[in-house]
Amino acid sequence: MQVHKYDVVIVGAGGAGMRAAIESGQRARTAVLTKLYPTRSHTGAAQGGMCAALANVEEDNWEWHTFDTVKGGDYLVDQDAAEVMAKEAIEAVLDLEKMGLPFNRTPEGRIDQRRFGGHTRDHGKAPVRRSCYAADRTGHMILQTLYQNCVKHNVEFYNEYYVLDLLMVDQEVTVDGETRIEKRAAGVVSYDLASGELHIFQAKSIVFASGGVGKVYKTTSNAHTLTGDGMGIAFRRGIPLEDMEFFQFHPTGLAGLGILLSEAARGEGAILRNSEGERFMERYAPTIKDLAPRDIVARSMANEVREGRGAGPNKDYVLLDLTHLEPAHIDAKLPDITEFARTYLGVEPYTEPVPVFPTAHYAMGGIPTNIKAEVLADNDTVVPGLYAAGEVACVSVHGSNRLGTNSLLDINVFGKRAGIAAAEYALTADFVEIPENPTAETEELLDRARSSEGGERVALIRKELQDIMDANVQVFRTEETLLEALSVIDSLEERYTRITVQDKGKRFNLDLLEAVELGFLLDMAKVMTAAALHRKESRGGHFREDFPERDDENFMTHSMAYKDPSAVRTSGVRLETKPVIFTRYQPMERKY
Amino acid sequence: MEKEPASKVELAPGVGGGGEIPTFDITLKVRRYNPEVSDDAHWDEWQLTMYGTDRVLDALHKVKWEHDGTVSFRRSCAHGVCGSDAMRINGRNRLACKTLLKDLDTSKPILVEPIKGLPVEKDLIVDMEPFFQSYREIMPFLISKGHEPTKERLQSSEERERYDDTTKCILCAACTSSCPVFWTDGQYFGPAAIVNAHRFIFDSRDDAGDMRLEILNDKEGVWRCRTTFNCSEACPRGIQVTKAISEVKQAILTRKV
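Going down the list, the protein sequences come from chains A and B. Heads up: the first sequence is residues 19 to 610, going by our numbering. Heads up: the second sequence is residues 470 to 726, going by our numbering.
It should be emphasised that the hints constitute simulated quantities derived from the structure, not laboratory data. Treat each hint with caution, since some may be false.
Unchecked claim - Under the rule of at most 27 Å between Cα atoms (straight-line distance), these lysine-lysine pairs were calculated in the DSSO-like manner:
no.: 1; chain 1: A; residue 1: Lys105; chain 2: A; residue 2: Lys116
no.: 2; chain 1: A; residue 1: Lys522; chain 2: B; residue 2: Lys718
no.: 3; chain 1: B; residue 1: Lys498; chain 2: A; residue 2: Lys170
no.: 4; chain 1: A; residue 1: Lys236; chain 2: B; residue 2: Lys531
no.: 5; chain 1: B; residue 1: Lys571; chain 2: A; residue 2: Lys333
no.: 6; chain 1: B; residue 1: Lys718; chain 2: A; residue 2: Lys170
no.: 7; chain 1: B; residue 1: Lys688; chain 2: B; residue 2: Lys712
no.: 8; chain 1: A; residue 1: Lys116; chain 2: B; residue 2: Lys614
no.: 9; chain 1: B; residue 1: Lys620; chain 2: A; residue 2: Lys524
no.: 10; chain 1: B; residue 1: Lys498; chain 2: A; residue 2: Lys481
no.: 11; chain 1: B; residue 1: Lys712; chain 2: A; residue 2: Lys522
no.: 12; chain 1: A; residue 1: Lys23; chain 2: A; residue 2: Lys201
no.: 13; chain 1: B; residue 1: Lys571; chain 2: A; residue 2: Lys170
no.: 14; chain 1: B; residue 1: Lys620; chain 2: A; residue 2: Lys116
no.: 15; chain 1: A; residue 1: Lys390; chain 2: B; residue 2: Lys688
no.: 16; chain 1: B; residue 1: Lys614; chain 2: A; residue 2: Lys170
no.: 17; chain 1: B; residue 1: Lys585; chain 2: A; residue 2: Lys524
no.: 18; chain 1: B; residue 1: Lys614; chain 2: A; residue 2: Lys481
no.: 19; chain 1: A; residue 1: Lys105; chain 2: B; residue 2: Lys712
no.: 20; chain 1: A; residue 1: Lys170; chain 2: B; residue 2: Lys531
Predicted model only: the values in this text are computed from it and were never measured.
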């Protein structure tokens, strides 16, 4: 077993991880550990754009952007964080342009901007053109540009190193004469996929930037590799997870497949229709219609289908209509997504509407952090040297529903902040001693998966998990569906102890990898469902049919889920709350 | 440009397609190699029942998840943007997640092999390091001299269009590993590295075009290209790779971009 020592270790090489690495790598000795080659990360699948109030094409300012973000998140957003993000958005876009990102341009040669759901002029008066973009492959261009700049700055990558554990120790500290126990991070344990060997990385600072958990669902825009590893590792080590009941369903996934068709399509003028040819969003959001935030559009679509106005032979999807747009305009602004429709469904978007239905897309919740990207061990205790940014984190800028483009913004703003903070901390701090037997638990986890001969198949358990999550923890939820989901997850977890991994080798054992990933998926599904059960109200992406109203009196709080075997009714997940930070906006009814 | 679309339209009957998704049977043959077990490669085959919208990746998953967990391949996004699953399918380099089974001749076995010219690690997994090494050598990042502007650099839509095609590259290696020159000479930079050099050489904001042209004027550079067009045919992103290489050749000769 090898031990490596770095000032800063970054876990994950998507947008947040590489943005952090560019900052950290120039200040301190940094390594990036990543399950995938960096350019495979799912940031590359983001399409529509990254909002910033550049005001290049019409009047705009960061305060409007802050307001939209807060209202879009149904007031569960921490307003200090939203303000930081909207303000620093401008610099974040300019940083990327200077790094070489090929944004689309205005006739004057400035960065062009377009409309996106929930982004409005003057507090909701009309849609505003705020999203900076590169055709419909903005995420691809961000991922490539950040990787290019990592190459430029000689960032050290450990590719296909799968991090499986976070080494935490309890340390006694004395502050103002008072002695207390403080959690400290000492390093991570990673598994080298090529060789099957474990490597320990000791580091003064550790940044988690490992992305989301979309694969708990069957119909999802997420990559196969998005299995909630980072969230799972933190949760198992006693770090709470914040707001995990809020999962975003993107309105326009290709029906039956879940492949994403960017909201930019609607930003460029496409609209949704039901089986009667009706533009139904006029009924649900009379002012901004098809450009309402994603939770509202997704719910409206699901409602159309439930009320029998779905299109297609099984009446189980609605239609995205681009046929009134000029083909040349579509080719210039939306080339990739129209090709997806042609390749995967055989539909020609110039002349036919495209079958779409909501697809599981984005975790609003995650590892709690403050605006410095420092991880919190509870409502306000920082874990020194531990950071998180991007989808794995919850800072919380998305509240109960993220606005489109704000994730590409989040990874850039808070990735940069995490990289700088991690490096600065590392330059002043000492290494924390690695605990004894640092790989014992990881080895046990791997040995159990490799040696068990119970005959249960990983793929089958995963499929049953995804089926129950799609059926019971999707756009609409009730106590009944959630309790049923929890009991199914419990039984799947029991079967998980009896899996058989067929591949017994060390070299690229991706069979074993999938077994380990399933363990994280089961944990995260449990946390998401328990948190959804706990929140007896409807807000943003979380809609409880048995509690259909927002309830500010009882639930204007973040949820904090802790691993706790004594919480029997909720499958070992204990729920607590954390106050929302308000600065300038008081909650109002959310209408569009 | 914008006119408000109608609130209600008459939809054509059967709009959106769909209907019963037909199933069909295929034979999938996968080239297997695992040096932990044997130094020799061999073929394994499976009979599978698949659906109308299934891709080669779905067939590989069906094998891995239901029949043989040891079959190894990389994949991630599963819709053609991450570049993990380039492989040789019936002798052509393609992404498994973008190749619909119904578009192949299913009356014959479907042959799946690792991409050529890079060392095979296990089954369909190859060592990508030599590929990324060539990429890094062409300095794939913007280099600009002079003062950094306060706001963004200006670039006209025409200037932006000049290198648009080569920004689409996802570094999947389908092009480079389809090139007969690369198969016989692993030192050759290969199409992907040249495509990524092109992306900066023709970017009006970049000032290091001359340096990159000098690198590609090397004996292992663009002049090894024999214009066989394999790379353009292989590119899953539709990049006109051979055209990009010709433009770089031209720029070296005229020292003008």
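Hints, verified against the model:
no.: 1; hint: Lys105(A) to Lys116(A); in the structure: holds (18 Å)
no.: 2; hint: Lys522(A) to Lys718(B); in the structure: violated (50 Å)
no.: 3; hint: Lys498(B) to Lys170(A); in the structure: violated (41 Å)
no.: 4; hint: Lys236(A) to Lys531(B); in the structure: holds (15 Å)
no.: 5; hint: Lys571(B) to Lys333(A); in the structure: holds (25 Å)
no.: 6; hint: Lys718(B) to Lys170(A); in the structure: holds (25 Å)
no.: 7; hint: Lys688(B) to Lys712(B); in the structure: holds (20 Å)
no.: 8; hint: Lys116(A) to Lys614(B); in the structure: holds (12 Å)
no.: 9; hint: Lys620(B) to Lys524(A); in the structure: violated (51 Å)
no.: 10; hint: Lys498(B) to Lys481(A); in the structure: holds (25 Å)
no.: 11; hint: Lys712(B) to Lys522(A); in the structure: violated (47 Å)
no.: 12; hint: Lys23(A) to Lys201(A); in the structure: holds (20 Å)
no.: 13; hint: Lys571(B) to Lys170(A); in the structure: violated (43 Å)
no.: 14; hint: Lys620(B) to Lys116(A); in the structure: holds (9 Å)
no.: 15; hint: Lys390(A) to Lys688(B); in the structure: violated (50 Å)
no.: 16; hint: Lys614(B) to Lys170(A); in the structure: holds (15 Å)
no.: 17; hint: Lys585(B) to Lys524(A); in the structure: holds (24 Å)
no.: 18; hint: Lys614(B) to Lys481(A); in the structure: violated (54 Å)
no.: 19; hint: Lys105(A) to Lys712(B); in the structure: violated (42 Å)
no.: 20; hint: Lys170(A) to Lys531(B); in the structure: violated (40 Å)
When held up to the earlier numbered hints, the structure conflicts with 2, 3, 9, 11, 13, 15, 18, 19 and 20 and fits the remainder.
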